[in-house]
Amino acid sequence: MELRLTQDGTPTLFHPGYGEAYHPRQGALLQARRLYLEKTLTHLHPAPRVLEVGFGLGVNFRVALESALQRGVRLFYLAVEKEPLPKEVLAQISLPLPRAEAVFAALLRAWPTSRFLGPWGELRVLFTDVREVGLPPGWATAVYLDPFSPKANPEAWGLPVLCKLRRSLKRGGRLATYSAQGAFRRALKEAGFRVHRVPGVGKREWTVGIAVGAPPG
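Using the UniProt record's numbering, you'd call the opening residue of the sequence shown number 1 and step up by one each time.
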């Protein structure tokens, strides 16, 4: 994999198998904060429970953790990652998040482990395909949908997965993602989300879904 520097000064990796980088060129840290943390209102929640599809380099987790530590709340984070990266690769992706980086460095010493606990909260990582995993119903306050793109990884964006995510998300909870693809947005609506187009950074739009209806079936 090729290490690349994004425009906000934070690093990412280019995955040759998917033909895409893990983060946009405009900035790994910028996307994690502006899209996933803020558009889901995780930075305001008194007891955040985040479900992420695509743990990747752990940037979204570290940004959410830094916010929680700054506010003095505990973070509970459940991630689904089909292709976990080696700890040596993850250790190369350092971020200007002093509180979260100290925790993440400790986690890496035991990586890949499926469960990490601390006074900061809990991280669980399910090392499997999101299509095959069982998720806790009504558990999450936010969903970070961050796999590779619908073109490169279409299975992660289909209606069966979106229905599964809706069932795991509390009513009124928010799903955020960088994709603005029309077919994905229609499936998101069918899965029980009210779909909102929001201004993106580096692209015209991002997508936010609010869990309001019941998924089919």
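For the record, the hints were derived by calculation from the structure and aren't laboratory data. Every residue, glycine too, gets a C-beta built ideally from N, C-alpha and C. Any given hint might turn out to be false.
Taking lysine-lysine and the DSS-like style, the derived pairs with C-alpha atoms no more than 27 Å apart in a straight line are [what the hints assert, rightly or not]:
#1 Lys87 <-> Lys170
#2 Lys164 <-> Lys151
#3 Lys189 <-> Lys170
#4 Lys203 <-> Lys189
#5 Lys189 <-> Lys82
Using C-beta positions, here's what the derived DEER-type ranges look like [stated by the list, open to error]:
#6 Leu5 <-> Ala214: 42 to 50 Å
#7 Leu41 <-> Gly202: 20 to 28 Å
#8 Leu3 <-> Lys170: 17 to 25 Å
Evaluated hints:
no. : hint                         : verdict
1   : Lys87 <-> Lys170             : violated (32 Å)
2   : Lys164 <-> Lys151            : holds (21 Å)
3   : Lys189 <-> Lys170            : holds (16 Å)
4   : Lys203 <-> Lys189            : holds (22 Å)
5   : Lys189 <-> Lys82             : holds (25 Å)
6   : Leu5 <-> Ala214: 42 to 50 Å  : holds (44 Å)
7   : Leu41 <-> Gly202: 20 to 28 Å : holds (22 Å)
8   : Leu3 <-> Lys170: 17 to 25 Å  : violated (37 Å)
Violated hints, in rising order: 1, 8; the structure is consistent with all others.
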